[in-house]
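Peer 1: Take the sequences, apply the hints, and build the full model.
2 protein chains.
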Amino acid sequence: MRLSRYFLPVLKEDPKEAQIVSHRLMLRAGMVKQQTAGIYSWLPLGYKVLRRIEQIVHQEMQRAGHIPLLMPTLQPAELWKESGRYDAYGEEMLRVTDRNKRDLLYGPTNEEMITDIFRSGVNSYKDLPLTLYHIQWKFRDERRPRFGVMRGREFLMKDSYNFDLTKEDALHAYNRHLVAYLRTYERMGLQAIPMRADGGPIGGDYTHEFLVLAETGESEVFYDSEITDLSFGDRQIDYDDVGQCQAVLEEFTSRYARTDETHDQDVFDKVPEERRRSARGIEVGQLFYFGTKYSEPMGATVVGPDGAKVPVHMGSHGIGVSRLLGAIIEASHDDKGIVWPEGVTPFHVGIANLKQGDASTDSACEALYTELKARGLDPLYDDRNERAGAKFATMDLIGLPWRITVGPRGLADNKVELTSRRTGESQEMSPKDAVARLVQIYEPILAANAV
Amino acid sequence: MRLSRYFLPVLKEDPKEAQIVSHRLMLRAGMVKQQTAGIYSWLPLGYKVLRRIEQIVHQEMQRAGHIPLLMPTLQPAELWKESGRYDAYGEEMLRVTDRNKRDLLYGPTNEEMITDIFRSGVNSYKDLPLTLYHIQWKFRDERRPRFGVMRGREFLMKDSYNFDLTKEDALHAYNRHLVAYLRTYERMGLQAIPMRADGGPIGGDYTHEFLVLAETGESEVFYDSEITDLSFGDRQIDYDDVGQCQAVLEEFTSRYARTDETHDQDVFDKVPEERRRSARGIEVGQLFYFGTKYSEPMGATVVGPDGAKVPVHMGSHGIGVSRLLGAIIEASHDDKGIVWPEGVTPFHVGIANLKQGDASTDSACEALYTELKARGLDPLYDDRNERAGAKFATMDLIGLPWRITVGPRGLADNKVELTSRRTGESQEMSPKDAVARLVQIYEPILAANAV
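If you read the protein sequences in the order shown, they are chains A and B. The first sequence begins at -4 in the working numbering and counts up by one. The second sequence begins at -4 in the working numbering and counts up by one.
These are calculated hints, taken from the structure and not from any lab test. Here the structure is a predicted model, which means the values were calculated and not measured. Glycine included, each C-beta is placed from N, C-alpha and C at the ideal position. All the pointers check out, no bait thrown in.
Which residues of chain B face chain A? A partial, calculated answer using Cβ under 10 Å:
| no. | residue |
| --- | --- |
| 1 | Pro39 |
| 2 | Gly41 |
| 3 | Thr68 |
| 4 | Arg97 |
| 5 | Asp122 |
Peer 2: In structure tokens form, the structure reads like this:
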């Protein structure tokens, strides 16, 4: 993309309404625009990151064998009356009446509807296991929407629902999600720690929240420092292998890691003192096994091997897709702006032309731009008539991980400068070497995206 | 995908509520499920086609230089009061009140919001031309939702908006859209004819609707038969070249082609009689230049070259993404089911195993499945314990363009059968040749998708 033809309305001043850094930087970098309280437009740069995150979530869900579909944003009230949640849900549910006086609602979540889809399409245990998921806009009418996309009202969420014959099978689905989530967050450059969560009115031990550590997190968290040494990495896993998935669950959840809601000081005190940590965390996902809570009242049954109808065991598992942009920025920024991890950056590299209009500088930039695209990379070429300082400030603000700076002096020696946003370090090299270096950096990321 | 692990709830009986063939086939093939009047869940097979269509629309929009973003589904009423449409829109607008008694609405279209985004981000003519677009769910509270996704209430639409300094520039944006639409529909296997449309209360000649000819179309159309001989094909075009784009407009709109709303019998009578046609058509897109209708009341101005502020010239251009599934099926089906064009088929090829459980048949199917995936194709392997007849009926119903049939008898001679869904013709060949043939068939489609 050429910046002269893009729509990147960066702000020079800090917007007053932003209380936390991700909100401030998303507004300043022209990523989002608030349309009314808690409802945002995703401007081109923000939309691009949103799509990259969405793509990673899709890929890792499907790798785990889960099937995508798409439920509508609006739901009939009747379904929620069946489960008993229509009256219970309270003011966070946005209720709507259509022209024929029928009661609809803007879905805050989809347990009822997916259960309805399941019961009308599946009758036999032979069609199990089955996990369906979608990535769709949802609405929760928060009393105080704030923190930008971190606590918006209209938000994008991935929610999956597993349907299994037995509790044991459902817990395997739970474990598949845990593995998929570890991979998902790591591809986004995040360390998200599964922590024991509060089962709410349903209770039970089978729920974990994934939290990203960040000073501005809304939850207080307590953990054994050993947990931050863990990473899933590039290990291969067979998602059908119950033992393998269970081993990952045990590896990642056996150490103490809880939010304030489930924190137990007596248990925590048994962690050696030098490994006890408390910090703030941002919730970016949740796993939840809830058994037959919806399948029983809604009649989602299958005929089992013995010929008897039984309600299926279910769980629901969410990832806050739009909220992740905020979480990533909270975890990865400096005083100049955002620092995107390579896995989610809107553009792979920026090209800063220091002397726009100079024939040889322009042609070197064009050649780089063309060559990077030919190699499958997605460059942003700052071809505006701006001073170097302004170009660097924009690049730093929007946080592209790499920048190639092209100026007449360097070009006289066939050199450009390749700069890392994270470290600020620059290296002089030929344009050809800069391309080769970037191809090498992004090779694993492009390979992962191509799956 | 292995069918045994997929969620494909096909119906044996014709659903009673379906009045037209696309609705009937989408329900029978397990593509959609109605959740309440005019609101559908997109089951896995339907969602897959929806995504392929969406991808083609994105690619062709971006090829034309248009920039994607994403506006929310809910909009504040204030914006629509600025343009004067809040009161004018009538009962089709779904109005919502939130917990703080603020008036929202579920966007039926986005002229107001995009104008708001533009005016807060652009000040100078130097930032023009600019065309922004999004693909987002919209809602129109139809009095009588019907025909399945063809006239749903919650529907997916691509809407783009161009912002230009002059009428001339805005008409070039109009022409870019026309070219992009021709390419878009052809990639979907559709012939969509641009027809002169009714400008409505704004009037003006600068609006065309794209119609697909189909017996069940809701509009009566009149055209010169020469127009159906035109195709855009694989010609290269420079979207910045005003003359090239204008020439395409002239080529595709100079012959008589109008809907009943703009039909003029006197003009039509000048077409040689043997070329005069009347038929039914389904609207799948619209182009519309409307000048300063929104930019004036909403203050979307730029400083022009002479230093004076002028309102920008705008147009809006839509493609009915979810409706296209219905339109494609209306145009491409037979009495056994859907016949997907290769460009949008949910799976590229089906593999029918005639003797599930037979070691050599199973292993031949597995080898085919693996090899097709390795070559970038997306096969659906029917690995269920079903009779051949049931497997064929499912494949025919869901409309995959190609089927490989694998049975023990053929395999004894190293032969499988490759069958075209469209013609019904089968050819015996080795598994290796079947893969090679499919790779050849899909090569241009995969290449187009990879751009």
